[in-house]
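Colleague: These are the residues of each chain, in order.
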Amino acid sequence: MGRYLLRRLLQLVPVFIGTTLMIYSLVWAVPGDPFAGKCGDRACPENYVAAMTEKYHLDEPFFVQYAIYMKNLFMGDFGSTWSGRSVNDIIATSYPNTLKLAAVALLIEAVIGLTAGVLTGLRRNGFLDNLVLISTLFLIALPVFVVGFVLQWLFGVQWEIVKPTVSSEMRFTELILPGFVLGSASMAYVARVARTSIAENRRADYVRTAIAKGLPMRRVVGIHLLRNSLIPVVTLLGTDLGALMGGAIITEGIFGVNGIGRQVLRAIVTKESATVVSIVVVLVLVYLLMNLLVDLLYAALDPRIRYE
Amino acid sequence: MSDILVSEQSAPGADGSGRPSGRLLEVDDLRVEFRTRDGVAKVINGVTYHVDAGETLAVLGESGSGKSVTAQTIMGILDMPPGFVTGGQVRFHGKDMLKMSAEERRRIRGEGIAMIFQDSLSALNPVFTVGFQIAEQFRIRRGMSRADAKKRAIEMLDQVKIPNAKGRFNNFPHQFSGGMRQRAMIAMSLALDPEVLIADEPTTALDVTVQAQIMDLLGELQRERRMGMILITHDLGVVADVADRIAVMYAGRIVEEADVYDLYAKPAHPYTLGLLDSIPRLDEKGQQLRTIKGLPPNLMNIPPGCPFNPRCAMAQPVCREKLPPLLQIGAGRASACHFAEELVNRD
Amino acid sequence: MSDPSAASVVSTPRPENPTEMAPATPGQPEASKEKPRGLLGDAWRDLRRKPLFWISATFILIFVVMAVFPSLFTSSDPYNGSLSRSRVEPSGDAWFGYDVQGRDVFARVIHGANASIVVSLLSVTGVMLIGGTMGIIAGYRGGWVDALLSRIADIFFGLPFVLGAIVILTTFNGAGSDNSAWEIKGLVIASLVLLGWPVVMRLMRSSVLANKEADYIVAARAMGASTSRIIIKHLLPNCLAPLLVYGTIMVGSFIGAEATLSFLGIGLKSPVVSWGIMINEAQNYLRPSPFLLFFPSAFLVTAVLSFVMLGEAVREALDPKLR
Numbered sequence: 258m259g260r261y262l263l264r265r266l267l268q269l270v271p272v273f274i275g276t277t278l279m280i281y282s283l284v285w286a287v288p289g290d291p292f293a294g295k296c297g298d299r300a301c302p303e304n305y306v307a308a309m310t311e312k313y314h315l316d317e318p319f320f321v322q323y324a325i326y327m328k329n330l331f332m333g334d335f336g337s338t339w340s341g342r343s344v345n346d347i348i349a350t351s352y353p354n355t356l357k358l359a360a361v362a363l364l365i366e367a368v369i370g371l372t373a374g375v376l377t378g379l380r381r382n383g384f385l386d387n388l389v390l391i392s393t394l395f396l397i398a399l400p401v402f403v404v405g406f407v408l409q410w411l412f413g414v415q416w417e418i419v420k421p422t423v424s425s426e427m428r429f430t431e432l433i434l435p436g437f438v439l440g441s442a443s444m445a446y447v448a449r450v451a452r453t454s455i456a457e458n459r460r461a462d463y464v465r466t467a468i469a470k471g472l473p474m475r476r477v478v479g480i481h482l483l484r485n486s487l488i489p490v491v492t493l494l495g496t497d498l499g500a501l502m503g504g505a506i507i508t509e510g511i512f513g514v515n516g517i518g519r520q521v522l523r524a525i526v527t528k529e530s531a532t533v534v535s536i537v538v539v540l541v542l543v544y545l546l547m548n549l550l551v552d553l554l555y556a557a558l559d560p561r562i563r564y565e
Numbered sequence: 176m177s178d179i180l181v182s183e184q185s186a187p188g189a190d191g192s193g194r195p196s197g198r199l200l201e202v203d204d205l206r207v208e209f210r211t212r213d214g215v216a217k218v219i220n221g222v223t224y225h226v227d228a229g230e231t232l233a234v235l236g237e238s239g240s241g242k243s244v245t246a247q248t249i250m251g252i253l254d255m256p257p258g259f260v261t262g263g264q265v266r267f268h269g270k271d272m273l274k275m276s277a278e279e280r281r282r283i284r285g286e287g288i289a290m291i292f293q294d295s296l297s298a299l300n301p302v303f304t305v306g307f308q309i310a311e312q313f314r315i316r317r318g319m320s321r322a323d324a325k326k327r328a329i330e331m332l333d334q335v336k337i338p339n340a341k342g343r344f345n346n347f348p349h350q351f352s353g354g355m356r357q358r359a360m361i362a363m364s365l366a367l368d369p370e371v372l373i374a375d376e377p378t379t380a381l382d383v384t385v386q387a388q389i390m391d392l393l394g395e396l397q398r399e400r401r402m403g404m405i406l407i408t409h410d411l412g413v414v415a416d417v418a419d420r421i422a423v424m425y426a427g428r429i430v431e432e433a434d435v436y437d438l439y440a441k442p443a444h445p446y447t448l449g450l451l452d453s454i455p456r457l458d459e460k461g462q463q464l465r466t467i468k469g470l471p472p473n474l475m476n477i478p479p480g481c482p483f484n485p486r487c488a489m490a491q492p493v494c495r496e497k498l499p500p501l502l503q504i505g506a507g508r509a510s511a512c513h514f515a516e517e518l519v520n521r522d
Numbered sequence: 004m005s006d007p008s009a010a011s012v013v014s015t016p017r018p019e020n021p022t023e024m025a026p027a028t029p030g031q032p033e034a035s036k037e038k039p040r041g042l043l044g045d046a047w048r049d050l051r052r053k054p055l056f057w058i059s060a061t062f063i064l065i066f067v068v069m070a071v072f073p074s075l076f077t078s079s080d081p082y083n084g085s086l087s088r089s090r091v092e093p094s095g096d097a098w099f100g101y102d103v104q105g106r107d108v109f110a111r112v113i114h115g116a117n118a119s120i121v122v123s124l125l126s127v128t129g130v131m132l133i134g135g136t137m138g139i140i141a142g143y144r145g146g147w148v149d150a151l152l153s154r155i156a157d158i159f160f161g162l163p164f165v166l167g168a169i170v171i172l173t174t175f176n177g178a179g180s181d182n183s184a185w186e187i188k189g190l191v192i193a194s195l196v197l198l199g200w201p202v203v204m205r206l207m208r209s210s211v212l213a214n215k216e217a218d219y220i221v222a223a224r225a226m227g228a229s230t231s232r233i234i235i236k237h238l239l240p241n242c243l244a245p246l247l248v249y250g251t252i253m254v255g256s257f258i259g260a261e262a263t264l265s266f267l268g269i270g271l272k273s274p275v276v277s278w279g280i281m282i283n284e285a286q287n288y289l290r291p292s293p294f295l296l297f298f299p300s301a302f303l304v305t306a307v308l309s310f311v312m313l314g315e316a317v318r319e320a321l322d323p324k325l326r
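Chains as they are written, first to last, in our numbering: chain Z, 258 to 565; chain S, 176 to 522; chain D, 4 to 326.
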């Protein structure tokens, strides 16, 4: 177990270095003038150029710059915006909101996706099955900003069931609609994976054994069938949590949630590349670590998988 | 033994079966077909056999002969669809199980009739420990506490001679060797002390040396517990020591039923003869191994007459026209061959 | 089912799901009737009977014609705006109304097809070529080549789709850049390809690995066929089916991705006409003029669904077990 974890962490290192190197070089090295268009529409203020040049050692060779940047990153200094606000601060205020939204989305997709998947997996080719197949196809195919706007318009504007945007208090009821939008595609994946998995395992020998043992049907399905079928679903949900924690740029934008994704979008709109890079690097790191966790989770759920 | 059972039985004919008998488990003219997109396969075409307490019936046949499907129908674990029971009865203590409610049937499973499967690796749930899967029955069916159930489960593992039963309680199926896993499977099937045990090819997936150990264990447990046992196999070599009676199946029918000694000594069906001949024998060293030529019939299109006739060395014109019924040809033995008498009486 | 790309561009690519990769079960022994048909012939026979296939194929045809000859559908100018008719509701003159700047919405959604179709088709072609080549090399050569290519793919795979595209596009297409329409399209295509190829590479790699040791390949090698011949004549035709299915679905995903990037303001930009840009411009008028949002969304959704459904239909035809 310990060795497996170590090996996975070591595998992560080149990927992380590659990713950050790419992002870093795209922002600071590729354009001829590193400050072209980095401070909005005006030219960058003299003192900003000076400060940044010093902070990022832009007068040094590229790899030295990168090394210093990485050193700062590991010291816990994620950099700062051109107005001087530290990126750590931005993350500290907005990340909890992103996590809240992610939790609601994950809850919704797990509950709805699983219910739909289990029901259709047990009873295939009925009306419900076709309904779920078609609606999941829609949810998977549609870009999230279309789903977001359409639902926002329907529920928020047309029927006025919910407020179209989320207040700064982030109440649970306000988060249901954005959570649904954010989780919609994954909900469809969860439903489909659960359906396939249940349908495949339903005829498995061990299910037959459980029936032959004279266990009540609800135990056969609820314990023996479900426990096996849920392995891929839980893995999927874990991977998705990783993606959700990377921020929901579009959903947060549509519903006005003050999360990390919104900060990235704001930084894009105000053209602050340094901020964009800093946040994106953090998010990529979170994403990679979450994927590692999912692999561990998978091994924990399926005793047949051994850590090597 | 069967005398005792008569007294326990419900009033004769009360369930409409009409033919009360002292039998523990009877399969009576069972018919099952599989309806698939490509057509209807008649998998079981009137199978009749029975097993009493304390005896072992071996059901012998090639794959596709319907021996496993019969067992699955008895257990009520046949996949329906595509399987459909189109006729016959399965009587347990004289009561037709096919007419029982799902709940009644469930109660019989495990306690009345239990089953051992061929491939213990896929038949055991991969994500639960072996101990959990045995203890589960005590908890769910007997309402025992977790601790009591665990104690009983370890006793069961001990009974099937798994060394260090206590230590292996928390092992997962894949952590067992094939033979040990099959032992665990046997422990699981015996947990609720069933009256009938159906063993579906219990040793096919095992090494030859382990096969003998498992068969010995099964025979021992069957005698100790005075269970009725249905041993399903395609391997004549396996059954000789354990079985009391043998029923040979071909194309969804019983073609011969006999006492194990009679059957080995004087088979009354050419198919049985062929099976016996295909066992390699030490005293015939150097001779070519005999096999039955041809293939089993396509169950979607069973040939008219005796289903075995295209492969039968003795086939006569009548065999292509008339289906031979399973007829009594002596004490406790029956054959479905037009020439059964001649077969038995030849030297 | 588990299309691991950017069908929904916000959720990031996910690793191939274990259940989806379950090996095909041996299946029922084929009833021997008729003469044996090839897998493709079988699939085509199956496909012809599916209404879903014909519906989506028809829509795709319409969208392609729309992209090439927009003037067949409308004679209005999609660029010519007059503020006097800003946000005028749909009428007989302009079926879909006029947008904020008084431009004909119908003409704009028709002309918008071009950007979506061109960008997505070119991106998918690029992804197929690069990802496919890399996958074949990695799978066929194995060893350190495989390890190196797989790690490179991991780097791009580890990048959440939208975030990755943001970084690339803000660098080359950010403020102060005055790229021409074609340069912008090229940049969007490049970033889609850059972020999309690892998925195809993995697909192709596992497909090659599965086929590499097959008897017919070993036989061809034993008979002295050259590597390139083995790959082109033997390996490729057998790995192509899943790739084509995936490609079809990917066109749909990339239409959505292009719209998303344009919507975020980092993809295509005015004066290029694109459904994503139209939705972006409409979002501030959700309450007074919902039709501004409705029409481009409807076109976008139909286009995406047509490709995804076509891919699903073909996939189901190729692998009946899924149903």
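Hints may be right or wrong, so weigh each one.
[Stated by the list, open to error] Simulated coverage check for chain D against chain Z, where a stretch passes if three residues somewhere in it have a Cβ under 8 Å from a Cβ of chain Z:
#1 107 to 117
#2 145 to 158
#3 163 to 169
#4 292 to 300
#5 304 to 313
[Said to hold, decoys possible] On the chain Z side, residues computed to face chain S include the following (Cβ under 7 Å):
#6 471
#7 472
#8 560
Derived from the structure by calculation, the hints contain no laboratory data. From the three backbone atoms N, C-alpha and C, an ideal C-beta is built for every residue, glycine too.
Colleague: Take the hints in turn and mark each one as holding or not.
Modeller: Evaluation of the provided hints:
Figure legend: the stretch 107 to 117 of chain D, annotated as covered by chain Z; annotation inconsistent (0 residues with Cβ-Cβ distances under 8 Å, at least 3 required). Chain Z is given as covering the stretch 145 to 158 of chain D, and this holds because 4 residues of the stretch bring a CB closer than 8 Å to a CB of that chain, at least three being needed. Against chain Z, the stretch 163 to 169 of chain D contributes 4 residues with a C-beta closer than 8 Å to a partner C-beta. That satisfies the three-residue criterion, and the hint holds. Against chain Z, the stretch 292 to 300 of chain D contributes 3 residues with a C-beta closer than 8 Å to a partner C-beta. That satisfies the three-residue criterion, and the hint holds.
Here's how the stretch 304 to 313 of chain D fares: 5 of its residues keep a CB closer than 8 Å to some CB of chain Z, so the rule of at least three is met and the hint holds. Interface restraint check: residue 471 of chain Z against chain S, minimum CB-CB distance 3 Å, threshold 7 Å, status holds. A least Cβ separation of about 6 Å between residue 472 of chain Z and chain S falls short of the 7 Å threshold, and the interface hint therefore holds. Taking 7 Å as the C-beta cut-off, the interface hint given for residue 560 of chain Z holds, the closest approach to chain S being about 5 Å.
Of the numbered hints listed earlier, the single one contradicted by the structure is hint 1.
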